[in-house]
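Undergrad: The residues making up each chain are set out below.
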Amino acid sequence: MEELLGRRLNSVEEKYSPRVIYVSGPLDIPLKGIRVSVVGTRNPKHRERARKIAAALVRQKITVVSGLARGVDTVAHTTAIEEGGRTIAVLGTPLNVFYPPENKELQLRIMREHLAISQFPIGAPVSRKNFPMRNRTMALVSHATVVVEAGEDSGVVSQGWECLRLRRLLLIHASLADLPWVKRMMEYGAHLFRYTDEMLEAILENCPNDDITVLEGLPIDL
Amino acid sequence: MRRNWLEYTSLLAYCPDLWNDGGPGQTAAEFVKRLKNNQPYNKVHFPSDIVAKLLKLFLENHELLKDVFHNDVVLVPVPRASPIREGDLWPAYEIANSISRLGLGRVSPLLERVKRVNPSSRSSPKARPTPTQHFESLSVRRNLSQVEEVVLVDDVITRGHTLIACAWRIEEAYPGIKIHAFAAVRTVSNKQEFKGFFDPVGLGRITYRRNRDDCLRRP
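Order-wise, the sequence lines are chains A and B.
Going by this note's numbering, the final residue of the first sequence carries number 222, and the count climbs one at a time with no gaps.
Going by this note's numbering, the final residue of the second sequence carries number 441, and the count climbs one at a time with no gaps.
For the record, the hints were derived by calculation from the structure and aren't laboratory data.
None of the values given here were measured: they were computed from a predicted structure.
Where hints are given, some of them may not hold.
If you only want the chain B side, here are some residues facing chain A, beta carbon under 8 Å, derived [claimed, not checked]: (1) F253; (2) F268; (3) S361; (4) R363; (5) F419.
Here are the simulated DSS-like pairs of lysine-lysine, each with C-alpha atoms no more than 25 Å apart in a straight line [to be verified]: (6) K61/A x K15/A; (7) K183/A x K400/B; (8) K15/A x K255/B; (9) K337/B x K32/A.
Chain B residues, not near chain A, derived (Cβ > 10 Å throughout) [said to hold, decoys possible]: (10) E252; (11) Q261; (12) N264; (13) H284; (14) K288; (15) D289; (16) S304; (17) D310; (18) E316; (19) R323; (20) Q355; (21) R364; (22) K400; (23) G426; (24) R432.
We treat Cβ as the ideally placed atom computed from N, Cα and C, and that holds for glycine.
The following block holds chain A by itself, in its conformation from the complex:
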């Protein structure tokens, strides 16, 4: 039976889970609380939307997970930090590679004060296929994924399908409802949201909280 970051995985989670994960940062492992991925395009038109979403999550003490890419990912991490919350960067590169280069300071800060994780060992080559693999890992370490803004061939598609495969909550901003992949994902259980309140309600209703580990009132010993 496999484990990831101190938690046992079920058989469905095991399928694409990395065998080894490299971490840098002071956040507790096993990870605590609720974790939500905030993802989207590298060239957002609505940065403010990403900022509002990340800030709303932080106000509920939810950890913001993202991939440290340009655009929505960067806004998600920086907002979480500025609002005094927690953030986890799931990298598509080894921990000692800074990509994109302009996020070097942000990555170093996350490694110092929050948590950066990577499934790629130091010295491993960086290629395009790393990123869909990283997206699957991001879905796995998060209780839910929120897609803020994306295009027809967005990189978040791989994360969305992995989220549905794991039966994690997948929330997609309603402005993306006409995209073919969004329509397809909705048939398989994705949800649309327009307001942050709707998003938070769905997250709090559906996501287990890793801070709650007590299971009392049963006639069996665990």
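Assemble the complex: chain A is given as a structure, and chain B must be docked to it using the hints.
TA: This is chain B only, laid out in the frame that chain A set:
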């Protein structure tokens, strides 16, 4: 003529209004979330295995149900509200597998969802799909030559609309078959009636009301 009743067994109770009471209501709500993702407690205990252990323990004191849950019965996981792809997590399938591992039946995923419906547990009473809508969104995979007894296995029962629709589909494909239902958790809408997290029902009843196209669940 479709059946208008179905007997069910369940072990745990959950009251949506008590999700944040800091006590058994919250314990139940958290368990339901974990059950739907099959995410373990204390790193090791999967909710589906917990349900199976509780069922085995419960059966030790309920002779009548030993005729329902036994080695030869076919455990049929109830499809999720949305279609799934091969390899997707299917909570009812996980529960059925855990029960099967304790020698209380063999699993056969006889039913599939071919069209998405609103999940009952997350819908307001008016928005819940009717038994007829569930029936129309389900289909049977005819992959068993001989089936005599079936237990439909689900994670959460609300009114029983999904379960009665599943029973209709199975009876259509296997006339004369004996069908019972099992749901790990039953919802309790009135918080005054919530007695605690572990609150088993040995033999409950779902009654279909044809004139309203809905179900009444007791208890």
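Undergrad: Hint by hint, note whether the structure agrees.
TA: Each hint tested on the structure:
A cut of 8 Å between beta carbons decides the hint on F253/B: the least distance to chain A is about 7 Å, and the hint holds. Interface hint status for F268/B: upheld, as the beta-carbon distance to the closest one in chain A is roughly 6 Å, under 8 Å. Look at S361/B: its Cβ only gets to about 15 Å from chain A, farther than 8 Å, so that hint breaks. For the restraint placing R363/B at the interface with chain A, the shortest Cβ-Cβ distance is roughly 18 Å, beyond the 8 Å limit, so the hint is violated.
Interface restraint check for F419/B: the shortest CB-CB distance to chain A comes to about 4 Å, inside 8 Å, so the restraint holds. With a C-alpha separation of about 30 Å, the suggested pairing of K61/A with K15/A is violated against the 25 Å cut-off. A C-alpha spacing of about 39 Å is found between K183/A and K400/B, which places the hinted pair above 25 Å, so the restraint is violated. Between K15/A and K255/B the CA atoms are separated by roughly 22 Å; this keeps the pair inside 25 Å, and the hint holds.
Under the criterion of a C-alpha separation no larger than 25 Å, the hint pairing K337/B with K32/A is inconsistent with the structure, at around 36 Å. With 10 Å as the threshold on Cβ separation, the claim that E252/B sits away from chain A is violated: the shortest Cβ distance comes to roughly 5 Å. Consistency note on Q261/B: stated as away from chain A, yet its beta-carbon is not over 10 Å from all of that chain's, at 6 Å minimum. Consistency note on N264/B: stated as away from chain A, yet its beta-carbon is not over 10 Å from all of that chain's, at 6 Å minimum.
For H284/B, the non-interface assignment is confirmed: its Cβ lies about 14 Å from the closest Cβ of chain A, beyond the 10 Å cut-off. Interface exclusion of K288/B from chain A stands, the closest Cβ pair being 18 Å apart, more than 10 Å. Listed as outside the interface, D289/B is consistent with that label: its C-beta sits roughly 23 Å from the nearest C-beta of chain A, beyond the 10 Å cut-off. In this structure S304/B is not separated from chain A by more than 10 Å, as the shortest Cβ-Cβ distance comes to only about 4 Å.
Against the 10 Å criterion, D310/B falls within the reach of chain A, whose nearest CB is about 5 Å from its own CB. Not every CB of chain A is more than 10 Å from the CB of E316/B (nearest about 7 Å), against its label as outside the interface. The beta carbon of R323/B sits about 12 Å from the closest Cβ of chain A, which is more than 10 Å, so the claim that it is off the interface holds. Taking the minimum C-beta to C-beta distance to chain A, about 16 Å, the non-interface status of Q355/B holds against the 10 Å cut.
Taking the minimum C-beta to C-beta distance to chain A, about 24 Å, the non-interface status of R364/B holds against the 10 Å cut. For K400/B, the condition that its CB be more than 10 Å from all CB atoms of chain A holds, with the nearest at approximately 29 Å. The non-interface label for G426/B is consistent with chain A: the shortest C-beta to C-beta separation is roughly 19 Å, beyond 10 Å. Look at R432/B: its CB is around 30 Å from the nearest CB on chain A, clear of 10 Å, so calling it non-interface holds up.
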